Structures are given as C-alpha cells and as structure tokens.
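The residues making up each chain are set out below.
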Amino acid sequence: MAKPPTWSRRGRPPARAAGLLGATVVGAGLLTACGTEGGMKINVYYAPEDNFQTVVDNCNEDANGRYEIVYNKLPRDADGQREQMVRRLAAGDDTMDVLGLDVTWVPEFAEAGWVEEWTGANKAEAERDVLPGPLETATWNGKLYAAPKNTNVQLLWYDERITPEPPRTWDQMMQMSRDLQERGEPHEILFTGAQYEGLVVVYNSIVESAGGRILSEDGQSVVMDEGAVRALEILKEVTTSGLTDPSLTNMEEDQVRLAMQEGRGAFELNWPFVYASYASEKADDLEHFKWAPYPGVGSNGDGRTTIGGYDLAVSSASQHKPEAFEAALCLRSAEHQKFSALNDGVPPTIESVYTDPRPLDPSKPADPENNPSMATEYPMKDTILEALKNAAVRPLTPAYQNLSTVMSKVLSPPSDIDPQGTAEQLREQLTDALDSKGVIP
Amino acid sequence: MSHAVTEAPAKPVPAKGKPALSEGKRAERRLGLLLCAPAAIVMLAVTGYPIAYSIWLSLQRYDLRFPDERQFVGFENYVAVLSNSYWWTAFGTTMFITVVSVAIELVLGMALALIMHRTLVGRGLVRTVTLIPYGIVTVVAAFSWFYAWTPETGYLANALAGESAPLTEQWPSLWIIILAEVWKTTPFMALLLMAGLALVPDDLLKAASMDGANAWQRFTKVMVPVMKPAILVALLFRTLDAFRVFDNIFVLTNGANDTASVSMQTYNNLIKGLNLGIGSAMAVLIFITVALIAFIFIKVFGTAAPGSDQGGKR
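Residue numbers (full-length UniProt numbering), protein chains in the order written: chain A, 1 to 441; chain B, 1 to 314.
If you're looking for bench data, these hints aren't it; they were derived computationally from the structure.
Since the structure is predicted, the reported quantities are computational estimates derived from the model, not experimental observations.
Quick reminder that beta carbons are idealized off the backbone N, C-alpha and C, glycines included.
Careful: at least some of the hints might be erroneous.
These stretches of chain B come out as covered by chain A in the derived footprint (C-beta under 8 angstroms, 3 or more residues) [to be verified]:
1. 41-47
2. 254-265
List of simulated lysine-lysine pairs, BS3-like, C-alpha gap at most 25 angstroms [to be verified]:
3. A:K389 x A:K364
4. A:K321 x A:K41
5. A:K123 x A:K321
6. B:K25 x A:K437
7. A:K409 x B:K228
8. A:K73 x B:K272
9. A:K236 x A:K409
10. A:K73 x A:K321
11. B:K228 x B:K272
Sequences and hints are given; from them, build the entire structure.
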C-alpha cells in the first residue's frame, strides 16, 4: 500500500537509487541489464542447471545490448517442467520465448503448434555438426523444431576387479551374474526398475538392441514386433532369476548409482553422471570403475542405448522470434556446449566438441582439478560418441507422455511380465494412448 | 453457530397449494427476487458456466496436442472412462479412503467434541490446540508426513517401518494417506459435532440421569438422537470432501502403486495428458458421484435431516 516508493521503483529511479543499483552490480549479466533497462527481454525457460547462468551472461555480452536473455528456472522434475510450459503455452502466454524441451516433448509441442519451425540459416546453424541421434529428437514430420542443446546416453558400468571383461550381450551378462552369485561375489544387475520413465528407457533400449520397434516409423501406429516381445522376455528373465536388487521396483537413477557404489552390483546400466559421483565419493576405487557399450541382444551386435537430453525451441507465441532464435543458437553453441559439458556434466550434441583437445581456458594447460578438458572430464567420451552414433531414440509421437505413462504402468513390476500377454496388453493400450482415447493411469 | 451449521443444507420448503397472494405480498416477493438476483447471477457465472462448459467439453474429442482433430463424439469419452480398469481402481481406492477415513473421523471427532464441550478449565486453550491441525495447509502437513515416512530421514519410518519404504507399497501407502486425512480433518468434524452437542438440553440429560440412565445410555439414548441432524451434516460434508481427496495423495505417493484417487486421475488426464475430453468426462463423473452421495444422505437418512420438519429441533 506504500504508494510513493512503488511509484519511484516503477518510474525512472532517482539518482540515489541508480547509484545503489550500480554498487550492487556484480556480474556481466547485471551490467547488461542496466544497459538495456526497459529493452527487449528474451525469456528462456529451462531446467535448473548449475552454471547455465554463466552461459546466459556470455550470450548477453554477445547480444551487445540489443536484447537481454533472462534465465527462468523450471522445476527440477521433468513433469513439473512440462506442466508449467504446457499450461502457459495452451493459454497463449506470449512472455515465453525460448523453451528447454526434454527430447521426448518435441513432437508434442510441434504438433500442438506451440513451437516454431527452424528454417534457413538458423536451421543450418542448428544442424551443423550435430550427431544424428540428438538431431532426430528435434525433428518432427521431417521438419526441425528445436536445436539440440545437450544429449545423454546410458552405458554399462562395471568393476574390473569383479569382471575383467565386460559382457557384450544381455545373455552373457546374466550368465556372468549367475556365476558370480554362485561364487558369492557381488553379482547384481542394476538398472532403473521403478514405475516411471526410467523403466521405459530400459525397455526401449532393449527393444532397439533386439532390432525391434514399439511404434511405426511415423509414430502413427503400434508395431510391438518380435524384437519388442524378445525385450519383454529379457526383462522377465533378468528380474525373476534373483539377479536384480531386492528393491528393484523402487530404484531410480540415483538409487542405482548408490547400490553400485555400495558394492552390491556387478553391472550398472546408467547415465555418465555416475562417473563423476564415483570420482568424488569413491576416488580410491575409481581406476577400477570401467564402462562399456550398452549390452546387445543375441547376435544383433552392440546394444543401442536410449538418448536423453534437452533441445531448445522457440515459442510460437513469442513476440521476438528472430532474437529468440539467435539467443537459442548462442546458448547451445559449440563453445557453450563444451562449457556446460565440463561444468555441469551434460554431454554435447555437437560432434567436434568431443574431439576438442583444448581445456576450458585454452591459454593454460589442461588440469583435471582447475582447468578440465573433454579428455580429463570424459575419459569415456569415445564410448559415448560411439553409442550416440548408434543410438536409440524413444518413440517419436505427440502422445509420448500418454505412451510412457501407460508403458511404465504395464511393465511394472517387471517380474510379472508375461511376454505374449503383456505384449498384447501394450498393443491395445498404446493404440488407445496414441489416439488419445485411452485413460492415463 | 449451531444454527448456521445445522441449517446449512436446509432447502426452502416448496410452497404447495398456497392461497393466492395479495397485491402487497406479490410486490414484496418481486422485490425479494430482485434483491436475490445479483447473488444468483454471480453464482451462475462462477459455478453454472464452468459446469456447463465441462459437460460440453466432455462430449468432444478434444486433445490440446491434436487441435485439428477436435470433434463432437457424444458419450464416447464416458464409455472410454467407464470401461477402463484404471478408472475403477481409482474409484475403489477413493471409496475406501473415503469410508474408512470418515468413519475414523466420526469416532475421534465425537470424542474430541465431548472433551471440548465438557472442558471446565482452559476451554479456549483446549479448543485452539484441537483445531491446530485443521489450520495447517494440507500440502505442508502432507510433506511432513511424507518426510516422516521416508526411510533414513523420517522418524516414523525409522521407528516403525524398519528397512522397508512404506510409501512404495500399496497398503501401507493407503493407510498413511488415511492417517494424514484423519489427522487433518478430525478437528473439523469435532467442530461440527460440538455445535450439535450444544443442542442437547442439560435438563434432558439430568432427567435421564434421575431415571437411572448411566453415561453410555445417556450418550446413545439422549445425546445421539438429539444430535442426529448435526451428525448427518458433519458426515455429509466430510464425505463429499473426502471423496475429492487430492493434495495428500499428490504429495505422499503421486498416485503410484494404485493409490491414485479419482481426482488425481482427472488431473493426470487433464493437465498432464492435456486431454480435455476424457478429463472433463472424469470431472463430470466425479460431480455426479458427489451429487449422488448428497442425494443418498438426504433421501435415505432424510427423515432426520436438519430442516425437515418434525424430526429435528425447531
């Protein structure tokens, strides 16, 4: 109710206030903010990422006062992020400009007409040198709707003291686990078995590794072919033979990581973030903590692992689209992807970043502690790159959210799977979900 | 207080076969209607319109992700929902939570009401303390239950659950949800019942006592019959509320392991699934169920419902 101060804050601040403002300015971002007082704001809505503000500040410097990027942190959990954006986009909110989309949301947002197509020079820039898997996640109906910002792949992690040679296939892995169990050594196969997206990721990886498909190429119909049934058999076998953790159905990424660090498992299927955790929490054993490609199925060669990560899209309701495209491109440029990869552990989508030998500060020599390079932070980068080139994209469909909810529900608990019956159930319920006729549990 | 509560659901008695009204009476009635009009119009705008709009949406295939495929489909959405096992699981879960929690609340609420009613010293303090849980925001309370039952961090989990994680299994989760509901809303029940207790004349109790009725007989033969209207109102309010349970479940389990209520499922389909058709159909079904519950309460137990003549006080 205090009117005068409110007025002075809204209007031009008096000299004293301006002085105070100047005194509290610390970062480059705020400096630019002062320069563009009342200027164009580009609102970026993206998941929390510790050092992303630095990237934003850098891009603001590049913009040179033409616009100011504002980083609005979305909730930490994916559902919360999606819900906030979807609600506002459906209501035509024009204050959102750049959107950080999980790789599974692009078709949904594109089909609903909430995000702009990328064309011309912007498109060329967003596609340049990008790995095919991540690029596929940003594409819908042959058009590009987002610029891949970062990616992620799961690898097989193992302790070389327990198994000097990692298994190549699920069958080998189960056999090795059984042998270890008989010898009374740590033998568990650890993966995300809780009823949530993580279980869908595991299932999708096995399906793709078995050469199968869940949906047709265009995402219009349910296929659930032999490979998909074979994947159900594998999930069933691994969860009913005492090779998994007792609390499997309660395990998300972090519980899986912890179980491995506590020495309960022989094999862990998880994202590369586990390496950094291992390095900081079990540094003494780090040299024995090894990685290998995701296990394959039968004679289909290496496994194909499901891609994660984020893509940046431009909202259709944005009032400043050209600037939004420019800002999005800056936020995911090769240089900034390297910065984020080294500081926040999110693997880049641009191939050349992986082979970039220069450390964070190129003027000084690389040093794992203070001046990391891709080689020091990502010793597994070649395996990641290899996996990315042969990666499995989750089914591309606007109804992915329904699909995923139904799938995690039907697959839970994995030990209750009856391959033929469950496949039939999935066929039915996924078809309903695709037509948005079905009820989401 | 007691009047406001006991007369809340009273409906205007429909006038049957009334004699013709005089000129003055008619003018008075017109004025009355005019004075009511603004309130009635506001009510219509804020409740009637959304309800009608949901019904309209529920008859369409309308998914925000496929805006082009919007079309009128009649009762197809209702068929889809009512023939779906997830819906009936959620319906059963909701019914179970409703019945059990309201039953427990009634017993505890009655005990609390008697205590509050009979307290001689520190009456204000006792009543305030009793009402505290009702004053705490449900989500905040739910989070404290959530952490209390989380292994490692929670004192209840450490003390009672041992190695297991109760919130990851269906039955333990359901009981914890009921516990949270009961803890939260028993004071509300007690408040309504206390209002009913105020209706019981002391003379009646003294007379019964003179006639040799013991405490239990006084309670069952005198208090409960006199309080019946208040008890029914309390039950009705709580049942309607409990059937729409959402926040406790949302925080405690987020619907995992078949613990979702119908409201949660509606939310999942509407907000997460963006399926306005199916979601609205569910919302309408909840509305119908709630209306049915109210109808049953008033018609089946109706003889003693407050406002209806003979039975109650007045």
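Each hint tested on the structure:
Residue count for the segment 41-47 of chain B with a Cβ under 8 angstroms from a Cβ of chain A: 0. That is fewer than the three needed, and the coverage hint is violated. For the segment 254-265 of chain B, the stated coverage by chain A holds: 5 residues have a C-beta nearer than 8 angstroms to a C-beta of that chain, and at least 3 were required. For the hint pairing A:K389 with A:K364, the CA-to-CA distance comes to about 32 angstroms; that exceeds 25 angstroms, so the pair is violated. Proposed proximity of A:K321 and A:K41 is supported: the alpha carbons are some 11 angstroms apart, at most 25 angstroms.
With a C-alpha separation of about 14 angstroms, the suggested pairing of A:K123 with A:K321 holds against the 25 angstroms cut-off. Proximity of B:K25 to A:K437 is assessed by CA-CA distance (about 56 angstroms); at most 25 angstroms being required, the pair is judged violated. At most 25 angstroms may separate the alpha-carbon atoms for a hinted pair to count; A:K409 and B:K228 exceed this at roughly 45 angstroms. The suggested pairing of A:K73 with B:K272 holds, with an alpha-carbon distance near 20 angstroms, which does not exceed 25 angstroms.
Taken as a hint, the A:K236 and A:K409 pair is honoured in the structure, with Cα atoms around 15 angstroms apart against an allowance of 25 angstroms. Annotation: proposed proximity of A:K73 to A:K321 holds, straight-line Cα distance about 20 angstroms (limit 25 angstroms). Distance hint between B:K228 and B:K272 is unfulfilled; the C-alpha atoms sit about 43 angstroms from each other, more than 25 angstroms.
When held up to the earlier numbered hints, the structure conflicts with 1, 3, 6, 7, 11 and fits the remainder.
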